[in-house]
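Here are the chains, one letter per residue:
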Amino acid sequence: MLPRVLRGGAWRRVALVGDSAPATVGVAIILAWVMLALLAPLIAPYPPNASDLSALAHATPSRTHWLGTDHLGRDLLSRILWGARPVLVIAPLAVLGAAAFGSLLGLVAGYRGGWIGLVITRACDIVLSFPVIILYMIILAHFGSSAWNIIAVLTLTKAPIIARIVRGMTLDLREREYVAAAKMRGESSLYIMLVEILPNARGPLFVDMCLRTGYNVIIIGVLGFLGIGLPPPDPDWGGMVKDTYGMMMVWPHMALVPCAAISSLVVGFNLLAVGLRELGLRD
Amino acid sequence: MTDAPLLDIHGLRVAYATRAGELTVIPGLDLSLHEGAALGLVGESGCGKSTVALAIMRYLGRAGRITAGRIGFDGRDLTTLDEYRLRTIRGRRIAMVYQDPMASLNPVMPVGRQLMEVPIAHDGCDAERARERALAMLREVRLADPEAVMRRYPHQLSGGQQQRIVIAMALIAEPALLIMDEPTTGLDVTVEAAVLELVRDLRRRHRSAVLFISHNLGTVARVCDRVGVMYRGELVEEAAVQEMFSDPRHPYTRGLLECLPTLGRDKQRAPLLPIPGQVEPAAVRGAGCGFASRCSHVELGRCTTGVIRLAPIGASGHRVACVRVDELTRSAPRPSVTASATTTARAAPMIAIHGLSKSYEPRRRFFGAGRAPVRALVDVELEAARRRTLAIVGESGCGKSTLAKILGGIEVAAAGAVTLDGVDIGTLPVDARSRALKRRLQMVFQNPDSTLNPSHTVGYAISRALRRLAGGSRAERAAGVAKLLGVVKLSPEMAARRPRQLSGGEKQRVAIARALAGDPDVVIADEPVSALDVSVQAAIINLLNEIQATRGATLLFISHDLAVVRYLADDVAVMYLGTVAEFGSVERVFAPPHHPYTEALLSAVPVPDPNAGTARIVLDGAVPGADEIPRGCPFATRCPRRVGPICDDTPPPVQRLDGGHRIACHIPAEQLLAAQRPS
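The listed protein sequences correspond, in order, to chains A and B. Under our numbering, residues 1 to 283 are what the first sequence spells out, in order. Under our numbering, residues 1 to 679 are what the second sequence spells out, in order.
There is no bait here: all hints are sound.
Under the rule of at most 25 Å between Cα atoms (straight-line distance), these lysine to aspartate or glutamate pairs were calculated in the DMTMM-like manner:
| hint | chain 1 | residue 1 | chain 2 | residue 2 |
| --- | --- | --- | --- | --- |
| 1 | B | Lys483 | A | Glu177 |
| 2 | B | Lys405 | A | Glu187 |
| 3 | B | Lys405 | A | Glu177 |
| 4 | B | Lys405 | A | Glu175 |
| 5 | B | Lys489 | A | Glu177 |
Keep in mind the hints are simulated off the structure, nothing from the lab. Just so it is clear, the structure is predicted and the values come from calculations on it, not from any experiment.
Input sequences plus hints: build the corresponding full structure.
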């Protein structure tokens, strides 16, 4: 007999992921990266910032440096492992922030409507129509680049997308009879939005959050590439590409390895999103 | 008629691929249909009626598969034909009409072109000839001004007109077999009567065989000459239509007839007897009779082992699949009913509505003048007496749901007064109502799939209502949930379930329990049974009736189904286009003199009696749009008893007759009585 927690509905729903091939592969990729990041202090062969100048002569992958070294002789494998840590913290946190903030905006815009709804939707449209890269550069240049500032910027720019999705679903869900029943027993608007409507929007919301996490991984890479990501010398996948892409002709592996790391993580989140959508359609 | 049947299904077995493996939904079906004959298939939803139709069309989709048997059609076996040969049969020799006409028509193509496609594709007609045939067909389905209709797009036609187009499209290729799957289910009762009339007439003229699928025994009686009753994928009884209704033999057939409200039944004299339980899923099929688990005559052993086949009884081709058919008495004795004496004394009404009006302003157009406002309610006068059931009937768009929304505080009145026990609530939105007032008036909604929040358990839904409306500690609420579930005849274990684990009837019971949480004085039920199967419908109606009687609440029952209203109501208000056409006690409204609209509605109700004949009055045209409503009587455009220009120009006077009976008509009540009294 399984313990009570594992028999619950939540566990059964998580176990459903096994029913979808893309979701299973996606979860496997993501979990693999999470494990590698967690175990980085134990399994990384070298400290991430230690230069091995003797290796510089043979920067390509070898028995001592499995993925080779970068232009400063730092072990690429160690840097990739350590570099997974900030990405796997920042990307999901930023999505959670965007989901919380965006859901609230979307619920209010959809449920209340009127001029409040109009102001919220227009504000979201303005943020969405702004060239985001320039927005990132302005904000991060002004406030300085740190993990918290990156999370804040990503939350701000992704929330309008979530808000739009939640607003659309709210417009539909607020017409349901259970919402009318809640009104008739005198529930507050906040209760109706958070308890009656939001839980029924979670399917598409989860799918979008997975996609959004993947996109955030790319954006964190782009910020690093533009030099406004996490400050050096700690390893950052985007920053690693920036430092070494000029040597692409000589030592392609220095830029390609972090690129592959970014891609694989993004593919993992996309596959999970595809799988979740598939499972959602089936129920 | 030739001896060989046109359609000869033998040992048909259909299975669907599911996550749990292949599931047989039709275990073995024998059926035959002769040229020009009409067979009705009836049964509750989930009994495999539509699957049979799709199997004949070989249109089961990717999951469905015919695993055994043959479908003989015109001497060929449809189960073995390849796609190419099937194409020469589908649409041309066998045509199908589905339930939802909007889904069968292409929204971006004028209906004329869609009609012309059929002869062009199947008979290689040129455009000119196809056009002639399309026009002729439109005349046959009695659409006014066929030339204009040809140019219209589907959304420019009413539901009844759309269904006529779909029927025209099916018949234009002169098919030998016409399959109709619930063709009138979504239509208003007067439109349904007209469409059924049309099917009867076309069948005579075209000599097509018809397979008519319906959950409504009344519509089948109007169109078919034989009826097959299906239960869980099996034919349990088949007989000529007269015999089926006069001498039903299978317990399931009898159950279906017992739970069907008709115009002749009311709650005092002939209570509905619902079939206990619900259709079990195909996965739990055991040996023996599929109906055994719900049958009151079940005998363990004989009924639950082996295979029970259809066996002929009598000489007229009556077949029944029941091992006890010879032992069962022909007509089950009705339990005697102690008629609860209804209070006829008229105290101050619980709800009084006076001069209530409400209209919706359409969005202003960017260019040009604004459109006429939509009049949802015009000067409505109604009273709902204490401890009685007031039914509000009418077709879609008559304003009955708007009335319910105003009472519930979801909309507010534009003019007039709505009082609940003397307190004016007409302009009081629900947010502005006191907790005591909210407690006194609760609602049961129409759609079982949207009435409960899919994210919440049954227990949470009821307990939350208790907390808001009745208060009490956590333990008291838990006890209250169990008690309310008992009131609606559900087991307390149901509290842990989520809505998607419930059947439609169970969801509606939970919704009723939720509405009863605060022990309300008034329960408004907006079409609470219209989405349910007949057997389930009967149980819910009985439940509402019982609750109304034992709790002494006032029940406001909104419905389009006159048979249900006749059964359940004490008082009736008939509404048309936002006005009350007739109001009075149920006995008076259902007996002459009637308002002409009530008269038309009554004659349109499909009666499960093949001898009832055709509808006496078939209303032409559709309910007029917002800008076409005459200044006088709103019913003037369709009224079969229209007297002259006075109907168009002057609003009809309200004639007050004995016993509070009111009719809004220019024709004096004595004249109406004389014209309507059965000769």
